[in-house]
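If you're matching them up, the sequences are chains A and B in order.
Be aware that the first sequence starts at 14, since it is given in my numbering, and climbs by one per residue.
Be aware that the second sequence starts at 90, since it is given in my numbering, and climbs by one per residue.
Just so you know, these hints were derived from the structure itself, not from any lab.
Don't take each hint at face value.
Derived contacts from chain B toward chain A, CB cut-off under 8 angstroms, selection only [unchecked claim]:
hint	residue
1	I291
2	P294
3	Q438
4	S440
5	R482
6	V487
7	D491
8	R552
9	V557
10	P558
11	A568
12	G573
For each residue, glycine too, the CB sits at the ideal point set by N, CA and C.
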Amino acid sequence: MKPSRCHVITSQMLDKTFLADIMKMRGGQNILDCIQCGVCAGSCHAAWAMDFTPMQIIRMIHLGMKETILSSATIWICASCYTCTTRCPRGIDIPLIMSALKHTAIKEKFPAKIEIKPKFHQSFAEIVLKYGRIHEPELFLKITRKNNLHEIMQNAKLGLTLLRKGKLKLKAPKVNKKTQWSAIFEKVSKEAAA
Amino acid sequence: MKQEPKIGVYICRCGCDVEGNISATVDVEKVKEAAFSINGVKIAEVYEYVCSNPGQQMISNGIKEHGLNRIVVAACSPRMHLETFKRNVAQAGLNPYLLEIANIREQCSWIHDDKKIATVKAVDLVGRAVERARNLKPLKEKTVQVNREALVIGGGIAGINASVELADKGYQVYLVEKSSSIGGHMAQLGKTFPTLDCSSCILTPKMVYVAQHPLIKIFSLSEITKVEGSPGNFKITIRKRPRFVDVSKCTACGECAKKCPVTVKSEFEVGLGQRKAIYQPFRQAVPSAYSIDKEHCLYFTKGVCKVCQKFCKADAIDFMQQEETQELNVGAIVVSSGYETLDPSGVKQYSYGLHPDIVTHLQFERLLVQGLHRPSNNEQPKKIAFILCVGSRMVENVNENDYCEYCCNIGCMNAIKEAYVFQKEVPDAEPWVFYTDIRAHGKGYEEFYARLRNHGVRFVRGRAAEVVPHNGHLRVRAADTLLGMPMEEDFDMVVLSAGLVPSPGTENLSRMLGIHTGSDGFILERHHKLRPVDTQREGVYACGCALGPKDIRETITESMAVASQVATFLGKGEVSVPPEVAVIDDEKCNGCEECLKICPARAIEKVPSTFRTRMEINPMSCTGCGICVPVCRTEAIDLNHCTEDQLMSQIRGVELKEDVSPKIIAFIEKNTAYASADLAGQTRAHYGTNIRIISVPSTGRIGFRHLLQAFASGSDGVVFVEGEDSVLTGEKLREHVGRLKKDMQAVGIESLRLVSTTTTIPQYPKMVDTFEVFINRISKIGPLSPKVREEIKKKLKWGESK
Numbered sequence: 014m015k016p017s018r019c020h021v022i023t024s025q026m027l028d029k030t031f032l033a034d035i036m037k038m039r040g041g042q043n044i045l046d047c048i049q050c051g052v053c054a055g056s057c058h059a060a061w062a063m064d065f066t067p068m069q070i071i072r073m074i075h076l077g078m079k080e081t082i083l084s085s086a087t088i089w090i091c092a093s094c095y096t097c098t099t100r101c102p103r104g105i106d107i108p109l110i111m112s113a114l115k116h117t118a119i120k121e122k123f124p125a126k127i128e129i130k131p132k133f134h135q136s137f138a139e140i141v142l143k144y145g146r147i148h149e150p151e152l153f154l155k156i157t158r159k160n161n162l163h164e165i166m167q168n169a170k171l172g173l174t175l176l177r178k179g180k181l182k183l184k185a186p187k188v189n190k191k192t193q194w195s196a197i198f199e200k201v202s203k204e205a206a207a
Numbered sequence: 090m091k092q093e094p095k096i097g098v099y100i101c102r103c104g105c106d107v108e109g110n111i112s113a114t115v116d117v118e119k120v121k122e123a124a125f126s127i128n129g130v131k132i133a134e135v136y137e138y139v140c141s142n143p144g145q146q147m148i149s150n151g152i153k154e155h156g157l158n159r160i161v162v163a164a165c166s167p168r169m170h171l172e173t174f175k176r177n178v179a180q181a182g183l184n185p186y187l188l189e190i191a192n193i194r195e196q197c198s199w200i201h202d203d204k205k206i207a208t209v210k211a212v213d214l215v216g217r218a219v220e221r222a223r224n225l226k227p228l229k230e231k232t233v234q235v236n237r238e239a240l241v242i243g244g245g246i247a248g249i250n251a252s253v254e255l256a257d258k259g260y261q262v263y264l265v266e267k268s269s270s271i272g273g274h275m276a277q278l279g280k281t282f283p284t285l286d287c288s289s290c291i292l293t294p295k296m297v298y299v300a301q302h303p304l305i306k307i308f309s310l311s312e313i314t315k316v317e318g319s320p321g322n323f324k325i326t327i328r329k330r331p332r333f334v335d336v337s338k339c340t341a342c343g344e345c346a347k348k349c350p351v352t353v354k355s356e357f358e359v360g361l362g363q364r365k366a367i368y369q370p371f372r373q374a375v376p377s378a379y380s381i382d383k384e385h386c387l388y389f390t391k392g393v394c395k396v397c398q399k400f401c402k403a404d405a406i407d408f409m410q411q412e413e414t415q416e417l418n419v420g421a422i423v424v425s426s427g428y429e430t431l432d433p434s435g436v437k438q439y440s441y442g443l444h445p446d447i448v449t450h451l452q453f454e455r456l457l458v459q460g461l462h463r464p465s466n467n468e469q470p471k472k473i474a475f476i477l478c479v480g481s482r483m484v485e486n487v488n489e490n491d492y493c494e495y496c497c498n499i500g501c502m503n504a505i506k507e508a509y510v511f512q513k514e515v516p517d518a519e520p521w522v523f524y525t526d527i528r529a530h531g532k533g534y535e536e537f538y539a540r541l542r543n544h545g546v547r548f549v550r551g552r553a554a555e556v557v558p559h560n561g562h563l564r565v566r567a568a569d570t571l572l573g574m575p576m577e578e579d580f581d582m583v584v585l586s587a588g589l590v591p592s593p594g595t596e597n598l599s600r601m602l603g604i605h606t607g608s609d610g611f612i613l614e615r616h617h618k619l620r621p622v623d624t625q626r627e628g629v630y631a632c633g634c635a636l637g638p639k640d641i642r643e644t645i646t647e648s649m650a651v652a653s654q655v656a657t658f659l660g661k662g663e664v665s666v667p668p669e670v671a672v673i674d675d676e677k678c679n680g681c682e683e684c685l686k687i688c689p690a691r692a693i694e695k696v697p698s699t700f701r702t703r704m705e706i707n708p709m710s711c712t713g714c715g716i717c718v719p720v721c722r723t724e725a726i727d728l729n730h731c732t733e734d735q736l737m738s739q740i741r742g743v744e745l746k747e748d749v750s751p752k753i754i755a756f757i758e759k760n761t762a763y764a765s766a767d768l769a770g771q772t773r774a775h776y777g778t779n780i781r782i783i784s785v786p787s788t789g790r791i792g793f794r795h796l797l798q799a800f801a802s803g804s805d806g807v808v809f810v811e812g813e814d815s816v817l818t819g820e821k822l823r824e825h826v827g828r829l830k831k832d833m834q835a836v837g838i839e840s841l842r843l844v845s846t847t848t849t850i851p852q853y854p855k856m857v858d859t860f861e862v863f864i865n866r867i868s869k870i871g872p873l874s875p876k877v878r879e880e881i882k883k884k885l886k887w888g889e890s891k
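Use the sequences and the hints to build the structure in full.
This is the structure:
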């Protein structure tokens with residue numbers, strides 16, 4: 014883990030409304046219940062790659078360190094595996110808070126620390142919207158940078174392995190009863206707009 | 090013979106002339122004039138301090154010389170000087186229950202600035218007090234003899250010490266214990282923090298003392314099955330399970346256990362040791378006798394064996410023993426039912442139960458006493474992880490039940506102590522403590538913790554995330570939250586400091602005793618700070634972990650406190666029963682049992698009689714809340730000092746002056762909510778003169794009839810304010826109000842005209858807010874339509890003529 018970027022927390026770094034904003038979003042209601050026990054940080058399978066542990070992110074929300082959080086890698090690294098929430102003694106939905114932070118970061122145009130991630134989420138959603146289910150080859154094509162030969166080779170290699178094990182379908186998936194999932198999407202986008 | 094009421098009204102200025110707390114905003118002379126004009130008022134006087142000596146003299150003179158038989162004092166809150174004036178009136182020879190106080194300070198002069206409005210309201214307050222006074226009846230306090238014997242439920246250290254303290258004070262004590270020996274959890278412990286005394290060495294002498302004390306009788310293998318009677322005179326039924334060993338003959342030589350062929354896991358060793366089917370949980374057990382475990386004994390399961398009987402030299406074994414019931418008469422009850430360790434297997438990530446080397450703190454205590462070894466291979470562990478807060482401080486868990494929200498209070502210190510003893514036992518020991526927050530809050534605890542930090546115990550600030558068996562070791566994953574870094578370590582053993590939960594029978598026991606448990610399942614004390622060992626019921630007390638998790642020192646303190654409280658209660662020899670209780674008219678009662686179902690104090694009992702079931706209210710248990718009065722269909726119940734007549738006349742009194750619109754009656758619970766209203770006055774919070782307060786023992790006293798009367802008397806809205814610690818809160822209050830609203834709609838009154846709220850004393854701004862919002866609401870809806878009012882009046886008249 015890299016050492017934290019902030020050496021001294023100053024009042025310039027603290028956004029007074031940030032905590033209240035996050036508490037209004039889904040998953041944020043009980044964020045003040047956190048007792049900073051560290052079960053999330055200890056449970057997180059991706060913590061080694063993060064610049065701040067999930068627990069530290071929660072603490073920074075309490076303080077209102079908006080800029081530090083929204084420009085951190087942690088919010089993009091979280092894989093939403095829900096190990097932390099299953100074990101959290103205070104019932105805090107950390108992945109939901111992470112996605113709330115991701116939304117805020119995109120809305121307020123913070124450059125993502127992990128560039129590919131916003132694009133990944135975007136493409137993922139687009140593909141699901143199109144077919145009703147994820148279609149991996151298309152996702153690969155969409156997120157791989159065309160000017161990076163190394164990346165293309167790596168992804169192709171992974172793709173072949175998956176293909177060999179029958180985990181990858183080249184044909185686009187079909188979902189019966191398209192109307193049902195499009196209704197779900199409509200509802201979600203309506204809620205998001207509200 | 091009914092006495093013609095001769096009423097004296099004494100109005101206090103609360104200060105000099107126009108400077109007084111009352112006279113500054115209330116024209117007291119006008120109030121006096123108004124009072125004098127009311128029928129029955131013989132004397133109306135104004136004085137600067139009615140509570141002072143000359144003021145009290147005035148009242149005495151009025152009673153002695155003018156033959157007054159009802160006194161109304163218009164002054165400050167009754168919470169301030171009710172007792173003063175009661176004494177005053179009693180000394181002058183009048184029954185103190187013939188006194189009424191009109192609160193024209195906290196509810197009037199301190200609330201309003203406008204002298205005109207305040208005066209009108211004061212006149213109204215005094216008028217209503219006079220109306221109530223007219224209907225007051227003399228009441229007498231009764232006294233009842235108490236039985237000077239006490240029952241202690243639970244033979245752990247709390248119960249043992251409470252029994253010792255009480256018996257040493259000279260009271261007969263019955264100590265009831267459900268297992269075969271007293272001693273409880275303390276007997277299972279090795280050493281105690283922070284002094285590191287041996288637990289058994291300080292406990293067992295006390296156990297022996299209990300056994301030998303002439304005033305203590307131990308009932309082992311016994312449980313309470315029934316509690317009847319009232320404070321001072323309880324009748325207890327206990328069930329004694331058979332021991333199958335004659336305690337008086339058994340010498341505890343242990344020959345029987347040596348020969349017994351059945352081996353089972355020992356409960357005392359928390360599954361980490363074995364015992365026979367005939368056993369003693371531990372050598373120092375009291376009573377010092379063996380007992381047969383019927384579930385495992387071959388004679389009881391298969392009908393063969395009886396080896397123990399053959400080898401018992403004392404001929405103490407008796408397979409014919411039967412279950413017995415016994416009745417005890419006691420004056421007071423002490424609950425010391427203790428705690429249980431929470432089952433940590435509900436907190437899945439710690440893999441408890443999946444690997445033998447993952448143990449609870451209590452199991453680890455036993456391992457330390459037995460000689461420390463890993464349960465899996467009997468080798469000495471070198472590296473142990475102590476995980477704190479297992480199941481504690483959680484508000485959510487994947488498993489519904491296995492967690493508690495509160496702190497276990499002892500986990501930190503206990504783990505630190507165990508780490509220390511582990512270091513002493515094993516030369517190159519490596520204890521790690523994974524903690525959330527170290528709570529070292531007792532005398533000497535912080536110093537103990539500091540010593541251990543300097544003693545090679547590694548403290549990691551971070552709740553362990555998971556425990557996984559890994560290559561013959563146990564891998565603990567956690568995060569060092571001070572560094573913000575995840576970590577992994579391999580250990581030989583893992584000790585889980587599991588949370589503490591109430592003994593399984595606590596809920597049932599409290600229901601039998603008519604006391605309450607809190608949301609945490611532990612017994613609720615009367616007052617968190619001032620009455621910490623009293624329960625909601627007079628004569629029933631609690632101490633130790635039955636009240637909540639705590640350490641031995643605090644348990645001892647509480648057991649001493651409880652003994653003192655019990656001695657105070659029993660020592661007086663009699664208890665006085667306040668006369669403000671509900672009474673049943675036998676003629677009218679039809680035995681429908683509605684009152685019995687609703688009584689929160691379990692004061693109502695069914696009495697079988699030849700012709701029909703009769704209900705009887707026990708004045709000792711009755712708290713005088715009056716909830717039973719409106720539910721009685723035959724109007725057989727009435728509440729002393731807040732009778733139907735008195736209450737109705739108070740409500741009718743609102744009609745006297747048509748001064749404000751809308752007019753709102755606030756029924757306020759007389760303790761907490763009334764005190765809250767007083768505080769609103771003391772802080773000079775302002776609310777509209779529209780609010781007319783009537784204090785009631787509980788808003789459950791108000792039935793539909795009273796609501797109708799309130800609306801008929803010109804009120805446009807009704808507010809209920811209940812104290813948060815009263816008997817009628819939460820769901821019960823909602824139900825009560827919901828029922829009334831339905832009835833209101835049936836006669837054409839909008840349900841919006843009734844509102845209820847609860848308050849604590851400092852929450853008066855919330856109450857004032859409710860008043861203001863409600864006044865606004867009623868102003869918007871407008872006054873009750875005259876047509877509906879007329880109909881209600883007709884209905885009431887019809888009801889009365891019937």
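**Asked** Against the structure shown, which of the earlier numbered hints fail to hold, in ascending order?
**Response** 1, 2, 4, 7, 9, 10
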